[in-house]
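Listed below, chain by chain, are the residues.
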Amino acid sequence: MIKTSNLTKKYGDFTALNNLNIEIKEGEILCLLGANGAGKSTTINLLLNFITPTSGTAYINGLDVVKNPKKTKPYLTYIPENLMLYPTLTAIENLDYFLGIGGKSFSKTELKDFLEEAGLQQEAFDKRVQFFSKGMRQKVGIALAIAKGAKVLLLDEPTSGLDPKSSNEFGELLKRMKQAKVAILMATHDIFRAKEIGTHIGIMKQGVLMHHFSNDEITLQDLEKVYLETMTLNNEAI
Amino acid sequence: MFRYNFKYELKSLLRSRWLLLLSLILLVVVLFAGYNGKEKVSERIQELEKVVLEANDKDAAMVKVLDSLERGLQVSVSPRMMPNMPMNVAYNYPRVAAIPAEPLTFIATGQSDLFTHFIKPSAYGDSFTLDYSELANPIQLLFGSFDLSFVIIYILPLIIIAFSYNILSEEKEYGSLKLLASQPISIYQWILQKTALRFFWLTLITLVVITITLLLFGFDFSANFFQFFQLLSLVFAYILFWFTIVLLVNLVVNNSAKNAVSLLAIWVFVILIIPAVVGQLANSFYPIPSRTKMITEVRELKEELSSKQDKILDNFLRDHPEYASKEGNGNYSFWHKYIASQELVEEELKPLINSYEDQLTKQQDWVRLWQYSSPAILMQQSFNNLAHTSTSHYQSYRNQVALFSKEWRNFFKPLLYGNKNFTSNDYQKIPSFTYEPPTNSSILLKVVVLLIFSVIFIFIGKQVFVKKIKKGTIIS
Numbered sequence: 001m002i003k004t005s006n007l008t009k010k011y012g013d014f015t016a017l018n019n020l021n022i023e024i025k026e027g028e029i030l031c032l033l034g035a036n037g038a039g040k041s042t043t044i045n046l047l048l049n050f051i052t053p054t055s056g057t058a059y060i061n062g063l064d065v066v067k068n069p070k071k072t073k074p075y076l077t078y079i080p081e082n083l084m085l086y087p088t089l090t091a092i093e094n095l096d097y098f099l100g101i102g103g104k105s106f107s108k109t110e111l112k113d114f115l116e117e118a119g120l121q122q123e124a125f126d127k128r129v130q131f132f133s134k135g136m137r138q139k140v141g142i143a144l145a146i147a148k149g150a151k152v153l154l155l156d157e158p159t160s161g162l163d164p165k166s167s168n169e170f171g172e173l174l175k176r177m178k179q180a181k182v183a184i185l186m187a188t189h190d191i192f193r194a195k196e197i198g199t200h201i202g203i204m205k206q207g208v209l210m211h212h213f214s215n216d217e218i219t220l221q222d223l224e225k226v227y228l229e230t231m232t233l234n235n236e237a238i
Numbered sequence: 001m002f003r004y005n006f007k008y009e010l011k012s013l014l015r016s017r018w019l020l021l022l023s024l025i026l027l028v029v030v031l032f033a034g035y036n037g038k039e040k041v042s043e044r045i046q047e048l049e050k051v052v053l054e055a056n057d058k059d060a061a062m063v064k065v066l067d068s069l070e071r072g073l074q075v076s077v078s079p080r081m082m083p084n085m086p087m088n089v090a091y092n093y094p095r096v097a098a099i100p101a102e103p104l105t106f107i108a109t110g111q112s113d114l115f116t117h118f119i120k121p122s123a124y125g126d127s128f129t130l131d132y133s134e135l136a137n138p139i140q141l142l143f144g145s146f147d148l149s150f151v152i153i154y155i156l157p158l159i160i161i162a163f164s165y166n167i168l169s170e171e172k173e174y175g176s177l178k179l180l181a182s183q184p185i186s187i188y189q190w191i192l193q194k195t196a197l198r199f200f201w202l203t204l205i206t207l208v209v210i211t212i213t214l215l216l217f218g219f220d221f222s223a224n225f226f227q228f229f230q231l232l233s234l235v236f237a238y239i240l241f242w243f244t245i246v247l248l249v250n251l252v253v254n255n256s257a258k259n260a261v262s263l264l265a266i267w268v269f270v271i272l273i274i275p276a277v278v279g280q281l282a283n284s285f286y287p288i289p290s291r292t293k294m295i296t297e298v299r300e301l302k303e304e305l306s307s308k309q310d311k312i313l314d315n316f317l318r319d320h321p322e323y324a325s326k327e328g329n330g331n332y333s334f335w336h337k338y339i340a341s342q343e344l345v346e347e348e349l350k351p352l353i354n355s356y357e358d359q360l361t362k363q364q365d366w367v368r369l370w371q372y373s374s375p376a377i378l379m380q381q382s383f384n385n386l387a388h389t390s391t392s393h394y395q396s397y398r399n400q401v402a403l404f405s406k407e408w409r410n411f412f413k414p415l416l417y418g419n420k421n422f423t424s425n426d427y428q429k430i431p432s433f434t435y436e437p438p439t440n441s442s443i444l445l446k447v448v449v450l451l452i453f454s455v456i457f458i459f460i461g462k463q464v465f466v467k468k469i470k471k472g473t474i475i476s
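These protein sequence lines are chains G and Y, in that order.
The opening position of the first sequence corresponds to residue 1 in the UniProt record's numbering, with each subsequent residue numbered one higher.
The opening position of the second sequence corresponds to residue 1 in the UniProt record's numbering, with each subsequent residue numbered one higher.
To be clear, the hints were calculated from the coordinates, so they are not data collected in a lab.
Treat the hints with care, as some may be off.
Taking beta-carbon pairs under 7 angstroms as the criterion, some of the chain G residues facing chain Y (in silico) [unchecked claim]: (1) N45; (2) F50; (3) I51; (4) K70; (5) K73; (6) P80; (7) M84; (8) T88; (9) Y97; (10) I101; (11) G102.
Cross-link-like lysine to aspartate or glutamate pairs, in silico, EDC-like; alpha carbons within 20 angstroms at most [as the list claims (entries may be wrong)]: (12) K11(Y) - D126(G); (13) K470(Y) - D64(G); (14) K195(G) - E26(G); (15) K134(G) - E173(Y); (16) K471(Y) - D126(G); (17) K104(G) - E9(Y); (18) K127(G) - E9(Y); (19) K470(Y) - D13(G); (20) K108(G) - E9(Y); (21) K3(G) - E23(G); (22) K471(Y) - D13(G); (23) K120(Y) - E173(Y); (24) K337(Y) - D319(Y); (25) K7(Y) - D126(G).
By construction, the Cβ of each residue, glycine as well, lies at the ideal position given by its N, Cα and C atoms.
Use the sequences and the hints to build the structure in full.
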């Protein structure tokens with residue numbers, strides 16, 4: 001579903017991402033850990049074709065994202081750290097709008113079903129999102145993914161700033177998406193959450209994927225240890 | 001995509017009360033400007049009606065006296081007013097030479113607050129060819145009139161800027177642009193549609209408000225449909241011009257604060273600086289001769305000629321033997337000498353007056369040449385043309401009055417030199433003044449020019465967008 005091949009992004013002399021090779025299959029969640037500037041968001045931006053790679057290729061559902069941006073985007077949903085919806089529109093209207101401009105039309109009942117499936121309280125469906133918490137907005141994002149029938153979910157630090165309950169709810173939603181065979185790439189700082197929901201975990205530093213584990217092959221303690229060791233590594237050692 | 005953009009853009013605008021606020025502001029401002037313009041025009045029409053009525057009354061009295069005289073009755077009229085003396089009529093009963101108000105005059109004051117709109121050229125004096133200044137409020141002259149053209153040219157772009165300066169940057173800064181860009185859509189098409197929708201709503205509101213204003217102030221749509229169409233086309237093209245500027249700035253700058261500053265700078269440059277520079281250069285390259293100096297020179301020349309009036313009369317009679325008294329060296333009056341000297345005075349004054357007219361024409365040609373450098377000049381010229389208050393309209397009016405005054409004098413010349421009485425029959429043939437407006441330069445051509453500018457800006461915008469998308473600076 002998601003694949004990158006020697007994906008590299010440079011800004012002049014600065015290398016934001018260096019030869020990234022990852023593959024995420026249906027029903028897999030890769031959690032990318034790393035400090036700010038490690039290249040996690042750059043990876044997601046490249047997969048979304050918001051920026052073009054200096055070299056290498058990114059694939060979504062087997063299609064090159066640079067060559068086929070309009071063909072790859074129907075398969076994916078992106079949820080940024082702060083999912084900003086249109087404040088004067090309600091949850092249903094926002095969902096209708098984002099689906100509609102992409103060419104998908106649903107009835108109001110169907111839209112309500114999607115929001116319900118994403119765990120949004122019924123009384124919030126017709127409320128303007130300017131009154132929504134971050135967790136509620138993220139749920140609208142998940143409803144968008146459900147409605148689109150997305151095969152790929154790209155999440156950029158979606159749980160940062162969420163209270164533990166909302167963060168836990170969001171984790172549960174991702175697990176359900178995983179069961180629905182969605183390939184998920186999540187950039188996060190939260191080691192605990194990564195270990196809890198990821199099928200795979202990667203640790204990035206300065207644009208390089210330093211480690212890549214299957215969830216089964218590492219404990220939370222070891223993961224924390226490797227993460228801290230990686231973060232304290234000298235630049236020259238990378 | 002368009003259906004959803006249309007539906008939800010309208011919902012957002014209505015819920016944020018932008019459309020309501022905009023409609024109210026425009027309605028109030030346009031109505032006030034229309035009222036202002038209409039007041040001025042009404043004043044002008046009333047004044048003109050009063051003058052024409054006075055002249056008609058005077059004529060009616062004159063005809064009565066003429067009739068009595070022709071029937072051999074005694075009349076008690078002062079010798080200076082006796083209408084059977086041709087020069088008394090030529091001097092005391094002038095026609096009203098007016099530049100009438102047109103149906104759209106109230107939309108643009110133009111030159112109408114600098115020049116008079118009627119004059120009564122009599123047989124005596126030639127200052128009417130020059131003396132057109134009226135007392136006008138200097139503050140108003142300094143800041144211009146608050147008429148419909150002012151609102152559209154100066155205020156409407158500010159409303160457009162306030163309405164759309166952050167059309168793209170807001171999405172980027174707020175964070176919704178990334179969510180939009182992750183959908184299978186073209187962001188360029190999306191921003192183009194969003195700008196087009198705002199353009200559509202603002203244009204619709206503006207045109208409706210203008211139509212309501214015209215309706216309220218008694219504009220006859222069926223009789224003047226083409227002028228109405230020209231006015232709406234101009235406003236449409238001008239709004240489009242500013243929206244494409246806004247689109248371009250959004251794509252090039254893409255930061256709300258910087259967008260606002262850049263757009264205001266463009267407004268100042270396009271609306272204030274370019275017209276001021278073009279006007280200043282016109283004055284520097286083709287300065288109009290001093291009016292005071294001209295009047296002094298005219299007086300000096302007249303004084304010089306008046307000392308030689310006998311000689312001038314001799315020369316005149318030699319050139320026009322048909323006017324010579326059949327009784328030899330008869331009694332030539334003041335009028336004989338005066339009218340005889342007028343040809344010479346005109347001849348002598350021609351270079352002086354022409355220099356004034358030439359410079360004015362050159363100034364107009366200069367402005368015409370540079371009108372495309374600023375849509376403000378283009379629009380002001382077009383509005384003044386539609387309103388019949390442009391410099392060329394007043395210049396044409398002045399020339400027509402000068403010709404008419406000559407025609408007026410010439411009508412009485414044979415009667416004066418033939419020592420004939422002015423009769424009721426002559427009254428029937430008396431010349432009258434009808435103002436013929438000059439042919440307007442095509443307003444639709446100016447609309448096309450504004451549309452071409454808009455297309456160019458959209459094209460540049462597309463190039464900038466493609467470049468920035470490649471760099472990744474539009475979305476991230």
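Tell me if T88(G) is really an interface residue toward chain Y, meaning its C-beta lies closer than 7 angstroms to one of theirs.
4 angstroms, holds
Straight-line Cα separation of K134(G) and E173(Y) no greater than 20 angstroms?
17 angstroms, holds
Quick one, are K127(G) and E9(Y) close enough, alpha carbons at most 20 angstroms?
Measuring from Cα to Cα gives roughly 18 angstroms; hence the hint holds.
Restraint check, 7 angstroms cut-off on beta carbons, for P80(G) near chain Y:
5 angstroms, holds
Given I51(G) was flagged as interface, is its beta-carbon under 7 angstroms from a beta-carbon of chain Y?
Nearest chain Y Cβ about 3 angstroms off; hint holds.
When the nearest CB of chain Y is found for Y97(G), is that gap smaller than 7 angstroms?
5 angstroms, holds
With the threshold set at 20 angstroms, check whether the alpha-carbon distance from K337(Y) to D319(Y) stays at or below it.
Within the cut-off at roughly 14 angstroms; holds.
Proposed proximity, E9(Y) with K104(G) (alpha carbon, max 20 angstroms)
18 angstroms, holds
Verify the proposed pairing of K120(Y) with E173(Y), using a straight-line Cα cut of 20 angstroms.
66 angstroms, violated
Under 7 angstroms is the threshold here; is the Cβ of G102(G) close enough to any Cβ of chain Y for the hint to stand?
Holds. Min distance 4 angstroms.
Let's test the interface hint: is any C-beta of chain Y closer than 7 angstroms to that of M84(G)?
Given a least distance of 3 angstroms, the restraint on M84(G) holds.
Within a Cα-Cα threshold of 20 angstroms, do K470(Y) and D13(G) meet the stated pairing?
18 angstroms, holds
Consistency with the previously given hints fails for numbers 16 and 23, ordered from lowest to highest.
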